[in-house]
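With the sequences and hints as input, model every part of the structure.
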Amino acid sequence: MSALGVFSTANLNGGQKLGLKYLIVSLALFGAQILFGLLAGLQFLMPDFLFGVVDFSVNRTLHVNALVVWLLYGFIGGVYFMLEDEAKHPVVGLGLGNLIFWVLTAAVVVVVLVYLLVQVGPGEMSTIWFINEGREYIEAPRWADIGIVVSMLVFFFNVVATFSKGRYTGIAGVLVLDLMALAGLYLAGMTYTPNISMDQFWWWWVIHLWVEATWEVLVGCIMAYMLIETMGVRRKIVETWLYIEVALMFGSGILGLGHHYFWIGTPEYWLTIGGFFSALEPVPLVAMVVHALFDSGVHRMKNSNHPALGWTISQAAGNFFGAGVFGFMHTLPQINLYTHGTQWSASHGHLAFFGAYSTAVIGFFYLAAQKSRGNVWMSGNLPGNGWKWKWGMALLWIGMIGMTMALLIAGYEQSQIERAIEGSTWMGYFAAQGHPWFTQAMNWRQISGYGFLLGYVLLVWDLLTIGKGETRPAEVINSEAH
Amino acid sequence: MSQTAWWASESLWRKSAIWVTGVSFIFLIYLTFDTLPYIKAGGTNVPGFSVINKRIDYQYNEAKHRYLPVIGQDEPLFGKMLTEAEAEALVSKGKLTTQAKNCMECHTLLGNGAYYAPDLTKAWLDPAWGSKETREADMVAFLMNPTDKLHNSIGRRMPNLGITEEEAKATVAFLKWMSAINTMGFPHNFKPLDQSDAPAAVPAATAPAAAAQP
Amino acid sequence: MIVEPVALANFFTVFFSAAMVILTGATYALLFAYSRLRQRPRLMPLAYLAYFGLSVSVYTLAQAANLFNDTFWTFIVGLMLLGYFVAPHGVWHLCVATHDQESVDGHKPHDEGNPSFVRS
Chain G
1 MSALGVFSTA
11 NLNGGQKLGL
21 KYLIVSLALF
31 GAQILFGLLA
41 GLQFLMPDFL
51 FGVVDFSVNR
61 TLHVNALVVW
71 LLYGFIGGVY
81 FMLEDEAKHP
91 VVGLGLGNLI
101 FWVLTAAVVV
111 VVLVYLLVQV
121 GPGEMSTIWF
131 INEGREYIEA
141 PRWADIGIVV
151 SMLVFFFNVV
161 ATFSKGRYTG
171 IAGVLVLDLM
181 ALAGLYLAGM
191 TYTPNISMDQ
201 FWWWWVIHLW
211 VEATWEVLVG
221 CIMAYMLIET
231 MGVRRKIVET
241 WLYIEVALMF
251 GSGILGLGHH
261 YFWIGTPEYW
271 LTIGGFFSAL
281 EPVPLVAMVV
291 HALFDSGVHR
301 MKNSNHPALG
311 WTISQAAGNF
321 FGAGVFGFMH
331 TLPQINLYTH
341 GTQWSASHGH
351 LAFFGAYSTA
361 VIGFFYLAAQ
371 KSRGNVWMSG
381 NLPGNGWKWK
391 WGMALLWIGM
401 IGMTMALLIA
411 GYEQSQIERA
421 IEGSTWMGYF
431 AAQGHPWFTQ
441 AMNWRQISGY
451 GFLLGYVLLV
461 WDLLTIGKGE
471 TRPAEVINSE
481 AH
Chain X
1 MSQTAWWASE
11 SLWRKSAIWV
21 TGVSFIFLIY
31 LTFDTLPYIK
41 AGGTNVPGFS
51 VINKRIDYQY
61 NEAKHRYLPV
71 IGQDEPLFGK
81 MLTEAEAEAL
91 VSKGKLTTQA
101 KNCMECHTLL
111 GNGAYYAPDL
121 TKAWLDPAWG
131 SKETREADMV
141 AFLMNPTDKL
151 HNSIGRRMPN
161 LGITEEEAKA
171 TVAFLKWMSA
181 INTMGFPHNF
191 KPLDQSDAPA
201 AVPAATAPAA
211 AAQP
Chain R
1 MIVEPVALAN
11 FFTVFFSAAM
21 VILTGATYAL
31 LFAYSRLRQR
41 PRLMPLAYLA
51 YFGLSVSVYT
61 LAQAANLFND
71 TFWTFIVGLM
81 LLGYFVAPHG
91 VWHLCVATHD
101 QESVDGHKPH
111 DEGNPSFVRS
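Residue numbers (the numbering used here), protein chains in the order written: chain G, 1 to 482; chain X, 1 to 214; chain R, 1 to 120.
Quick caveat, the hints were computed from the structure, so don't treat them as lab data.
Among the hints, a few may not be true.
Straight-line Cα separation of at most 25 Å, SDA-like style, residue types lysine to any residue; simulated pairs [unchecked claim]:
id, chain 1, residue 1, chain 2, residue 2
1, G, K17, G, T471
2, X, K64, R, A9
3, X, K54, X, G43
4, X, K40, G, W205
5, X, K15, G, D295
Here it is as structure tokens:
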């Protein structure tokens, strides 16, 4: 082990070294997501900006694809990071894991370059195979799809083999089943059909069941490890709660798919199923509030990594507001008829993704930063009182809340003017897009976006410098986790 | 050391998690099998591809409390009656074009996609096309060369995506077919283009300007 | 089952009351848990006041979104009232029971104000 406060991969085990690579790419892609989001946002204000060069569709594609990929990289990195600790065994097939990291990253670079430089192709299958599948969030061309599935299978093999040779914990059990579902569900989005209803039916299988079910559980596993690691919560309790969470998340999330099947040609009973689960989905979230408060009361926030804990707490709040409040406001079909396909979805999407996932991955970044400097002190009394992480977090949150509120106002105006009054004609659409409420909201969204970018810059700066020259070792938390 | 209550025990919740997940998933599989006949082309809610040979309208249905597509008399697209297979090939080419040009990252289709450009669910029926006589030709011309056409007063335009005439016609077929899907009343309150056979109410002089609107 | 779209005049009411359902639900859960955790029974009436607020919000939402015009949606309203009421109780008991061992084993990093689970 290298000296305290000095960045060195010698501080890390094999899985952590590989995990760190994924986390670094993840952080970079987070930056790319913000950049292309800002460009797309600017085009709402200045439609001629980059018109015909990098059109809105290209920026938007890169914005949402970067989101999916940086979070996936963060999850994979997080899993590799905790794998050896959890299994008490070196990662099996580490060489293959490393190879796949480089292959996958090269593939991501190629896909991004093709999005940027080639952009669109002729209306033939060759475009679907090599340029762009043209399906929001899963645009990656078919060759890359296959690559992604192969990479996920190798990752899955590494995880299963390592747990099998080492210690097979409760977290391991949940993780393995979840990764299997994650890889399997991706296949549902890999076929072409001329039928748009069929297309969107399976498309939601991937998008919804990834985002509102398997990702939630994956984050649950990573957070469970973090709770044990940074707060010293007993494994038995953490694992019991992981199971409770899985039951609640999958119980409400799997059939919660129904709220995407209101208006795509699917039969009427989906309105019933979607309505039922929409009304009940917030119940687990409300329940979690009780548990979070209980936990913090018991543990008094004593922990070895304050930035990670800060982000973990904001994860709970973000998930609650993003998924709970903003989701429930427009999910009943009686109102969703008007809000579906407006900036309402963008508002909810921004807060929910950031609240539920970005926060968790950022928390993990801090854990990785701590370990890669030799497990240095990251509790209270950081140099400068930890102003960088605090301000970074504050700016990211203020920026996100600003964007969300602006989009909420835009969506509200859109649902009234375009949908209710004008009846969703194109004239109605443009009347709503030109309304002062909408245009001003877009200005505020853009300003908030710049604040968010500033927060990101501080976050990167902090991650690169936190713990540098620190001589105190990490606070020892009374833990029986290991 | 006291024993944890059975209803709070780790093993009970492990089993619960597995059972809840399993049962939910089995329900989902069952519902999927039940739904597929509704959404296959020619199914209960989604028309066969040859519906593009017909007039398609969108009207409020009192009994169902929602707007529904209404399939009317013969009104072949581009004046040519197609067999089911020919229609499928044409619509499929159009669907492929919408994917290849990444339409969904500006527009929404069935309400899903991006929010920079209008929803395409009822593009075929949008009153912005002015009259049903000129609609087909205007749509093709717009798709092939949209940038210089009049769009709206807020300055947003559609870029030239290199759409060929064949692709443009196929896209129009796809849009016509999509407008006939029963989407449970989405969009609500929509006022479609006047397709009655009576002479168009719009004075001829304003028709071209209106047609160039989208 | 009938889905009767919300009237334009009720849009704001729907959005606002839906948000209030979740927010009062969380306030109820927070006050409930805090009152038990810190053994401050005087806070409990406030928790139930929040639940009363939740009931009013659910009722307002149901009116504005035309949920009472249909049996299924009326049933959903009832289920929401019940679900939000019992969830904090249920989860509290679960918290106490799952953390049981922690206190029994003498793992009490905290000094004053032991949560009430010690009594259970």
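Hint check:
no.	hint	verdict
1	G:K17 / G:T471	holds (22 Å)
2	X:K64 / R:A9	holds (23 Å)
3	X:K54 / X:G43	holds (17 Å)
4	X:K40 / G:W205	holds (17 Å)
5	X:K15 / G:D295	holds (24 Å)
Hint compliance for this structure: every hint is met.
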